[in-house]
Amino acid sequence: MLANKGVNPPSFRKTGTTIVGLIFQDGVILGADTRATEGPIVCDKNCEKIHYMAPNIYCCGAGTAADTEAVTDMVSSQLQLHRYHTGRESRVVTALTLLKRHLFNYQGYVSAALVLGGVDVTGPHLHTIYPHGSTDTLPFATMGSGSLAAMAVFESKYKEGLTRNEGIELVTEAICSGIFNDLGSGSNVDVCVITKGGKEYLRNHLQPNPRTYTSSKGYSFPKKTEVLLTKIIPLKEKVEIIEGGDAMEE
Amino acid sequence: MGDSQYSFSLTTFSPSGKLVQIEHALTAVGSGQTSLGIKAANGVVIATEKKLPSILVDEASVQKIQCLTPNIGVVYSGMGPDFRVLVRKSRKQAEQYHRLYKEPIPVTQLVRETAAVMQEFTQSGGVRPFGVSLLVAGYDDNGPQLYQVDPSGSYFSWKASAMGKNVSNAKTFLEKRYTDDMELDDAVHTAILTLKEGFEGQISGKNIEIGIIGTDKKFRVLTPAEIDDYLAEVE
Numbered sequence: 001m002l003a004n005k006g007v008n009p010p011s012f013r014k015t016g017t018t019i020v021g022l023i024f025q026d027g028v029i030l031g032a033d034t035r036a037t038e039g040p041i042v043c044d045k046n047c048e049k050i051h052y053m054a055p056n057i058y059c060c061g062a063g064t065a066a067d068t069e070a071v072t073d074m075v076s077s078q079l080q081l082h083r084y085h086t087g088r089e090s091r092v093v094t095a096l097t098l099l100k101r102h103l104f105n106y107q108g109y110v111s112a113a114l115v116l117g118g119v120d121v122t123g124p125h126l127h128t129i130y131p132h133g134s135t136d137t138l139p140f141a142t143m144g145s146g147s148l149a150a151m152a153v154f155e156s157k158y159k160e161g162l163t164r165n166e167g168i169e170l171v172t173e174a175i176c177s178g179i180f181n182d183l184g185s186g187s188n189v190d191v192c193v194i195t196k197g198g199k200e201y202l203r204n205h206l207q208p209n210p211r212t213y214t215s216s217k218g219y220s221f222p223k224k225t226e227v228l229l230t231k232i233i234p235l236k237e238k239v240e241i242i243e244g245g246d247a248m249e250e
Numbered sequence: 001m002g003d004s005q006y007s008f009s010l011t012t013f014s015p016s017g018k019l020v021q022i023e024h025a026l027t028a029v030g031s032g033q034t035s036l037g038i039k040a041a042n043g044v045v046i047a048t049e050k051k052l053p054s055i056l057v058d059e060a061s062v063q064k065i066q067c068l069t070p071n072i073g074v075v076y077s078g079m080g081p082d083f084r085v086l087v088r089k090s091r092k093q094a095e096q097y098h099r100l101y102k103e104p105i106p107v108t109q110l111v112r113e114t115a116a117v118m119q120e121f122t123q124s125g126g127v128r129p130f131g132v133s134l135l136v137a138g139y140d141d142n143g144p145q146l147y148q149v150d151p152s153g154s155y156f157s158w159k160a161s162a163m164g165k166n167v168s169n170a171k172t173f174l175e176k177r178y179t180d181d182m183e184l185d186d187a188v189h190t191a192i193l194t195l196k197e198g199f200e201g202q203i204s205g206k207n208i209e210i211g212i213i214g215t216d217k218k219f220r221v222l223t224p225a226e227i228d229d230y231l232a233e234v235e
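Each protein sequence line maps, in turn, to chains A and B. One point on numbering: in UniProt numbering, the residue at position 207 of the first sequence is 207, and numbering is uninterrupted. One point on numbering: in UniProt numbering, the residue at position 7 of the second sequence is 7, and numbering is uninterrupted.
Calculated from the structure, these hints are not laboratory results. Any given hint could be a false lead.
[Unchecked claim] Capping the alpha-carbon separation at 27 Å, the derived lysine-lysine pairs in DSSO-like fashion look like this:
hint, chain 1, residue 1, chain 2, residue 2
1, B, Lys102, B, Lys18
2, A, Lys196, B, Lys206
3, B, Lys218, A, Lys196
4, A, Lys45, B, Lys102
5, A, Lys199, B, Lys206
6, B, Lys165, B, Lys51
7, B, Lys89, B, Lys217
8, A, Lys199, B, Lys217
9, B, Lys50, B, Lys206
10, B, Lys102, A, Lys100
11, A, Lys196, A, Lys100
12, A, Lys100, B, Lys92
13, A, Lys100, B, Lys51
14, A, Lys199, B, Lys218
15, B, Lys206, B, Lys92
16, B, Lys196, B, Lys51
17, B, Lys171, B, Lys51
[To be verified] Pair by pair, the computed Cβ-Cβ distance ranges are:
hint, chain 1, residue 1, chain 2, residue 2, range
18, A, Glu38, B, Arg128, 52 to 60 Å
19, A, Ala70, B, Arg88, 22 to 30 Å
20, A, Gly87, B, Asp186, 24 to 32 Å
21, B, Arg128, A, Asp73, 30 to 38 Å
For every residue, glycine included, the Cβ atom is placed at its ideal position computed from N, Cα and C.
Extracted from the complex, chain A is given alone in its bound form (with noise of 0.2 Å):
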């Protein structure tokens, strides 16, 4: 209704995004953009889109980022004490099976949709979950507003049994599409990799967009706002004064 007079709600930040993950021979690489949106204006240039769930298992979340968030921290304590419980490390079903009842419980509201990916006992697995609540098993994923232009390319470039360095390769090319070719995507490329051995973190493995002009010089502004005209109105002469009286009622 207050539409219609010019007044919109605010925006809620979204993460626009292009996540993808692939499985490689020996384990999981998940790979994020880092520009967060406040419908179309840019409100966060670097931020974290793979979330901690597990040792050995990392989330990347696009769709609302509050609900990313929380969602993916929920799920990291719920596995933690599990873990303190049976004593052993988590298996990625796990982390998939709690995300995707939460997300159905809330029918879709938990705007959260989500590539899982991490390597467990069982082997290396790699999920996505989608607001509703459904989830899919692949080799290679893409989620996000970006994600018809990562995975063109993963389903051109895509091939069992890709080496560690082909794989961080392939990833960073298909994120590198999402942030070129989306406007809701942008700025540094991130990358997980998770192996049997552990887990690297490559926090801005990729900067293609450097802010590239800054003036040495500095930039200077008008130091204050411009005067111009002068002109003072003594009130006395226009306005009827009354002294002393009860200026108002009480």
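Fit chain B to the supplied structure of chain A, relying on the hints for placement.
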């Protein structure tokens, strides 16, 4: 004893001002296996006897010393099942604290919250107090700490303490042996010697359990092999 008329209900004070059920709970603790803890200058050690009811029991499946957070561990004397419940609750509370404040829970906070749970069970209807006393060992920004929590919910910070069957002998031994500037290794040796005092039978890495936390702030339970090494040093 005039008190016995008042020992049926937990939530009724006896004329002498005691809650008899809590006294009985402490008796249950006193008949449990000996456990002790020692705070060193650079860490804390907790230890317990692990006497199994039969040689047929798989001793690797029993772990009396548990980890509550990466930098806090706990041991008990008394009823094992009650201990399991408390460990579960404490772990959840520690995790909730971490979720809310994004900071590992300080040892005093966790002890306070666990003690609050134990106190709840002394003032509610239809429940009984926990039949365990806990020794909580942790290392946080305030350095190494050792706390004892009783079934009543009261807690104290100790430099060294013991609980269970052999408590009086163990405490006397600790009083003689304890020094403020002890190192963690010395503390482990002292702990082993204290356990040995009241031990029936041959002590080995398989029938005692030791947990330590040092300046690395990582609580861990020693393997039977490591315990045997310490035992050899002590001989």
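Tested hints:
| no. | hint | verdict |
| --- | --- | --- |
| 1 | B:Lys102 / B:Lys18 | violated, 41 Å |
| 2 | A:Lys196 / B:Lys206 | violated, 32 Å |
| 3 | B:Lys218 / A:Lys196 | holds, 23 Å |
| 4 | A:Lys45 / B:Lys102 | holds, 24 Å |
| 5 | A:Lys199 / B:Lys206 | violated, 35 Å |
| 6 | B:Lys165 / B:Lys51 | holds, 12 Å |
| 7 | B:Lys89 / B:Lys217 | holds, 22 Å |
| 8 | A:Lys199 / B:Lys217 | holds, 22 Å |
| 9 | B:Lys50 / B:Lys206 | holds, 8 Å |
| 10 | B:Lys102 / A:Lys100 | holds, 25 Å |
| 11 | A:Lys196 / A:Lys100 | holds, 25 Å |
| 12 | A:Lys100 / B:Lys92 | holds, 22 Å |
| 13 | A:Lys100 / B:Lys51 | violated, 45 Å |
| 14 | A:Lys199 / B:Lys218 | holds, 20 Å |
| 15 | B:Lys206 / B:Lys92 | violated, 30 Å |
| 16 | B:Lys196 / B:Lys51 | holds, 13 Å |
| 17 | B:Lys171 / B:Lys51 | holds, 20 Å |
| 18 | A:Glu38 / B:Arg128: 52 to 60 Å | holds, 56 Å |
| 19 | A:Ala70 / B:Arg88: 22 to 30 Å | holds, 24 Å |
| 20 | A:Gly87 / B:Asp186: 24 to 32 Å | holds, 30 Å |
| 21 | B:Arg128 / A:Asp73: 30 to 38 Å | holds, 37 Å |
Violated hints for the displayed structure, listed by number in ascending order: 1, 2, 5, 13 and 15.
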